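Mind the numbering: the sequence shown is residues -11 to 212 in the numbering used here, read in order.
The hints are simulated quantities; they were obtained by calculation from the structure and are not laboratory data. On a predicted model such as this, the values are computed, not experimentally measured, just so you know. Incorrect hints may appear among the rest.
Stated by the list, open to error - List of simulated lysine to aspartate or glutamate pairs, EDC-like, C-alpha gap at most 20 Å:
1. LYS181 <-> ASP125
2. LYS181 <-> GLU119
3. LYS183 <-> GLU159
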Amino acid sequence: MYRIISTSRLTELEAHASALPMARAQCDRAEKDLEEEKARAADLTAALETANAQLANLRKHTAAEIELARSAAQRTRQQTNTLITEAQKQAKNIEARADAKARELRAEIEQLKAQLPDPLPSQQGVLARYENLVGADIDLTLYITEAPTGMTRVQMLLVLLCTGCGNREEESRYVYDDCPEAREAFLTYEGAKLKRCGQTHAETCRAVTLQHTLASLRAIVPGT
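Kindly generate the complete structure, drawing on both the sequences and the hints.
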């Protein structure tokens, strides 16, 4: 038997039938979008795996760099300790050499003292004083010494001494009488000569020394 469909039902079926192509098109678009999302998800997964691999490599390299930095720091520490030890040894050696030099200078001073003339020269005072380029004194000093040689004679000694470099110039004259006229004659020529030498030396010398005592002793010992 045939079933009779009402007009309203038929209209509804026709409406569903006409909407079917549109629904199928939407379904196709949804399937396409799903495939695209799957592809995008695959790309993201691959990118994530790449990022994880890069992160692992970065951690590996970072650990290696940290180890290298630690090794470099340890080597630097060892080198520093070595340098400090060597510097301490060098300082001890320098101190030992300085002590030896001081003993040598003291012995030389004692030898010079033994060689001092008898009687000792009488220092008459510094006649002129100059300063070298670094402030060391250059003194022009007059010494008077009696030198018995059968007849009493007097030695007038002018010493120009640089306390910086130890440079020494001297002029001397023997007279029979230490009188103002004799001194004036001695200082007029010999004194003027040494004053010029002192001025010239002061304009060029840059030395400072701690051996002032030794230089002074040498200045008044003939032949040293």
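Hint check results:
1. LYS181 <-> ASP125: Measuring from Cα to Cα gives roughly 18 Å; hence the hint holds.
2. LYS181 <-> GLU119: 18 Å, holds
3. LYS183 <-> GLU159: Holds. LYS183 to GLU159 sits at ~11 Å (cutoff 20 Å).
In summary, this structure violates none of the numbered hints.
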